[in-house]
Amino acid sequence: MKQKLVIIGNGMAPGRMLEELFEQAPGLYDVVIFNAEPRVNYDRIMLSPVLSGEKLYEDIVIHGDDWYARHGVTLHKGAKVTGIDRAAKTVTSASGVTESYDKLVIATGSLPFIIPVPGHTLPGVLAYRDLDDVEKMLDATKRGGRAIVIGAGLLGLEAAYGLKRQGMDVTVIHIMPTIMERQLDPPAAYLLEKALNDRGIEIITKANTKRIVGEDKVEGIELEDGRVIEGTIVVMAVGIRPAAQLAKDAGVVTNRGIVVDDGMMTSDGSIYALGECAEHRGVCYGLVAPLYESAKTLADRLIGGASEYRGSVVNTKLKVTGINLFSAGDFAEGEDREEIVLRDATAGVYKRLVLRDNRIVGAVLYGETADGAWFFDMIKRGTDISEMRDTLIFGQAYQGGSPLDPTAAVAALPDDAEICGCNGVCKSKIVGTITAKGLTSLDDVRAHTKASASCGSCTGLVEQLMVLTLGDSYNPAAVQPMCTCTELGHDDVRRLIVAKGLKTIPAVMQELEWKTSCGCAKCRPALNYYLVCDWPDEYADDYQSRFINERVHANIQKDGTYSVVPRMWGGVTNAGELRAIADVVDKFEIPMVKVTGGQRIDLLGIHKEDLPAVWADLGKAGFVSGQAYAKGLRTVKTCVGTDWCRFGTQDSTGLGIRLEKFMWGSWTPAKLKLAVSGCPRNCAEATCKDIGVICVDSGYEIHFAGAAGLDIKGTEVLGLVATEEEALEHIVALAQMYREQGRYLERIYKWAKRVGLDEIRRQIMGDAEKRKGYFDRFVFSQKFAQVDPWSERVSGKDKHEFKPMAVVGMAEAAE
Amino acid sequence: MALETKIMSRSDADAVTSGFDRDWVDIGVIHEIPVRGARCVRTPQGRIAVFRTADDQVFAIEDRCPHKAGPLSQGIVHGTSVTCPLHNMVFSLETGQAQGADEGEVRTIPIRNRDGRLSIAVDKLSLLVAAE
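Taken in sequence, the protein lines are chains A and B. Using our numbering, you'd call the opening residue of the first sequence number 5 and step up by one each time. Using our numbering, you'd call the opening residue of the second sequence number 101 and step up by one each time.
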């Protein structure tokens with residue numbers, strides 16, 4: 005019979021412990037997790053980028069639901085454990101779940117410390133520990149005003165930066181004379197304070213909070229010296245304390261935290277403690293690297309090993325974009341200590357090394373942090389530096405005459421030098437895995453080694469290792485910039501448009517620091533699409549940023565004439581329509597009439613000046629634009645289905661027409677072509693379309709991500725639904741997901757390959773709420789998109805497009 | 101870091117051409133051209149594309165890409181350049197030169213802007229005849 009392992013808490017430390025456990029001894033335990041938060045395991049270090057809008061929650065999930073399923077883990081979400089019965093070996097949650105255990109791991113983490121000043125319970129007083137806090141803060145940013153952050157430590161400053169980025173005024177209150185005093189010496193603190201001031205963050209040091217002002221919500225704070233600062237929220241980031249109460253109540257020995265030995269075992273031989281709630285050799289850690297180290301030890305113990313955790317030296321990096329700051333070890337001054345300092349005011353660089361007995365014990369680097377890993381490595385090893393003392397501060401590149409090349413500096417690191425501090429990954433592990441598994445991308449390296457997969461600040465080092473290992477075949481610029489106007493890739497731009505609420509092209513270019521004054525022919529149409537998609541009701545389409553075809557609603561041909569394709573819903577037409585087309589062809593002497601692959605009639609060789617008149621005549625017969633020029637919904641091709649065909653299983657023509665009437669007018673990243681076939685004989689060729697439907701007796705098989713152009717590719721199956729209603733909802737939701745995530749000009753099959761078929765199926769087939777959300781957003785945006793561009797122009801819109809500005813020196817004028 | 105863009109005034113474009121005897125022909129007012137857009141002027145010698153940039157500079161060039169004769173007036177206007185709608189060649193509106201790695205040149209036509217009224221120099225137009 006399998007032993008049962010119960011874990012209280014679902015943070016990063018137990019997550020890592022389980023990864024180790026499953027890798028080394030899969031199936032050894034039945035695992036049950038209680039999570040007080042109603043969600044999966046996510047990367048808490050990355051809350052700051054979520055707050056600042058530089059990342060989304062989805063980006064920081066470490067283990068999705070499928071991970072728990074795959075490893076057979078029972079996860080009780082939103083289940084706060086209220087009691088441990090050590091005699092019966094059971095735990096019970098507030099939600100009433102009781103589980104017995106053979107081994108119990110307490111990983112309850114820590115609680116934010118809230119200063120009990122008057123007013124600390126007012127709505128608007130927030131902590132900064134989990135996603136709920138971040139969501140509350142983001143909510144507050146929508147109302148604007150001033151945020152007051154109490155505590156200028158790592159978390160406080162990251163919160164301040166995030167709130168500032170979200171458009172709030174921010175004041176940071178700090179009780180000590182300098183900020184981040186636990187990690188920084190005063191000169192570095194000064195440089196940091198100045199840099200934050202430059203970013204519009206006000207910092208008040210030596211300030212003690214007397215009370216929080218407000219009647220029924222926060223209105224500000226009053227300091228001991230009488231100053232009052234107005235604000236709409238107060239974020240307390242003054243420290244954490246280990247959440248040890250549960251263990252204490254159960255009679256487990258606690259001090260500040262839950263006391264553990266070098267095997268992470270508590271005073272009860274069946275109970276372990278891990279993470280921020282644990283106290284090891286008198287130290288409670290709050291950074292991820294030591295927690296991951298101890299997680300490894302615990303995993304080994306749980307499978308019968310004997311490894312020991314001996315404590316960690318920690319280093320810190322501040323995750324504020326554009327500020328480089330590194331500190332490690334102990335840098336207090338002392339009798340037996342010497343220091344080496346380098347300052348370069350112009351470049352904004354400050355470096356300080358603290359030495360004892362010719363060994364580095366502490367390092368503070370500001371402005372230039374590339375050598376952080378090297379110094380940190382020497383601190384941990386206790387390397388004797390007397391040989392290189394004179395040039396030590398200049399960094400690794402100066403030692404031994406090696407060139408000033410970052411790759412060479414990485415090459416010179418010893419094999420066991422730690423590259424990723426968060427995940428404790430050393431150089432040889434990264435290099436070895438790249439070689440052994442033939443990895444070629446940063447994402448692969450992250451997936452296989454975990455290096456650079458948490459806070460990401462070692463990404464540069466990891467990339468240099470990839471260059472070193474793979475040579476020129478690796479291009480570190482993994483993100484392809486949108487165009488030469490920016491360094492940002494499409495995904496970053498899309499995310500930032502939403503995160504920063506950018507609603508015009510000039511706003512995007514200003515905020516994202518475009519390098520050209522008004523973009524280029526690559527980025528402007530892309531930005532226009534992203535803004536149309538993200539702000540359907542607020543953004544005014546910028547015609548001058550559209551390719552000519554979308555500006556004049558016809559397709560430009562090689563001789564500068566245009567082709568016109570009227571919409572024939574589902575490819576069905578009639579005598580009246582055909583007669584009207586014939587009349588137009590005669591009247592305007594249209595030289596060519598051609599049937600297209602999408603079951604439409606194409607009229608080619610029309611002069612631009614004639615377009616409005618052609619549309620007017622077609623419009624009288626009931627035609628609207630077929631949008632054969634659009635990066636948007638083009639055609640829905642159908643077969644005759646149950647109406648006529650002796651094999652037809654469903655009304656494929658009807659569904660095709662319904663889909664086309666529902667979706668016409670919508671803009672998409674690239675063209676979108678659909679087809680509906682009434683049976684698996686597939687006469688409408690639905691299995692090479694962007695989205696296709698194969699009707700079967702039991703319903704509708706939805707396909708997507710086919711291609712029959714530059715690439716040829718059969719579709720993938722999204723799933724089977726029973727009714728026409730459901731088919732419509734699923735298809736529309738899929739189209740909206742693509743609209744929201746696709747890069748401009750990226751066809752659906754390329755997007756699907758990038759995002760992953762399973763992820764798309766999970767969201768569209770498996771998550772009804774998500775699907776409904778996509779569907780509703782599509783419907784909303786259609787309110788603004790379903791306007792026939794032809795009739796608009798027949799009524800005089802954009803008249804200038806179709807007439808010359810002037811006619812010079814000609815006997816007869818054009819009009 | 102965003103680059104500063106120098107904003108030049110073209111209000112005195114005729115200074116460039118002073119000293120020549122030249123027939124200026126009125127073609128309309130600047131507001132008839134969309135910002136970051138173009139309009140055409142038809143002449144016996146062919147179409148002229150008249151551009152208006154984001155900062156209200158105006159330029160006139162022959163409406164014919166030297167590559168495959170694409171109508172440059174239909175292209176996307178960015179800065180003081182236009183991208184041909186057929187094959188994406190980019191031309192400077194100021195010099196008529198192809199940008200980037202491409203080679204080629206499109207004829208420029210003197211244009212002046214007096215308080216919003218635009219005129220082009222027609223003596224230059226007759227030079228286009230040979231090209232047609």
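There may be inaccurate statements among the hints.
Claimed, not checked - Mimicking DSSO-like on lysine-lysine, the simulated pairs with C-alpha atoms at most 27 Å apart in a straight line are:
no. : chain 1 : residue 1 : chain 2 : residue 2
1   : A       : K384      : A       : K81
2   : B       : K168      : A       : K214
3   : A       : K776      : A       : K754
4   : A       : K717      : A       : K675
5   : A       : K803      : A       : K787
6   : A       : K504      : A       : K598
7   : A       : K214      : A       : K252
8   : A       : K93       : A       : K59
9   : B       : K168      : A       : K598
10  : A       : K807      : B       : K168
11  : A       : K504      : A       : K59
12  : A       : K675      : A       : K591
13  : B       : K168      : A       : K93
14  : A       : K221      : A       : K93
15  : A       : K801      : B       : K168
Everything labelled a hint here was simulated from the structure, so no lab data went into it.
Taking the hints in turn, this is what the structure says about them:
1. A:K384 with A:K81: 39 Å, violated
2. B:K168 with A:K214: 76 Å, violated
3. A:K776 with A:K754: 24 Å, holds
4. A:K717 with A:K675: Holds, because 16 Å separates the two Cα atoms, which is no more than 27 Å.
5. A:K803 with A:K787: Judged against 27 Å, a Cα distance of about 24 Å means the pair holds.
6. A:K504 with A:K598: Distance ~47 Å between K504 (chain A) and K598 (chain A) Cα, so the pair is violated.
7. A:K214 with A:K252: With Cα atoms ~32 Å apart, K214 (chain A) and K252 (chain A) exceed 27 Å; violated.
8. A:K93 with A:K59: 41 Å, violated
9. B:K168 with A:K598: 24 Å, holds
10. A:K807 with B:K168: 23 Å, holds
11. A:K504 with A:K59: Distance ~11 Å between K504 (chain A) and K59 (chain A) Cα, so the pair holds.
12. A:K675 with A:K591: Violated, because 31 Å separates the two Cα atoms, which is more than 27 Å.
13. B:K168 with A:K93: 82 Å, violated
14. A:K221 with A:K93: It is violated: about 44 Å lies between the C-alpha atoms, which goes past 27 Å.
15. A:K801 with B:K168: 30 Å, violated
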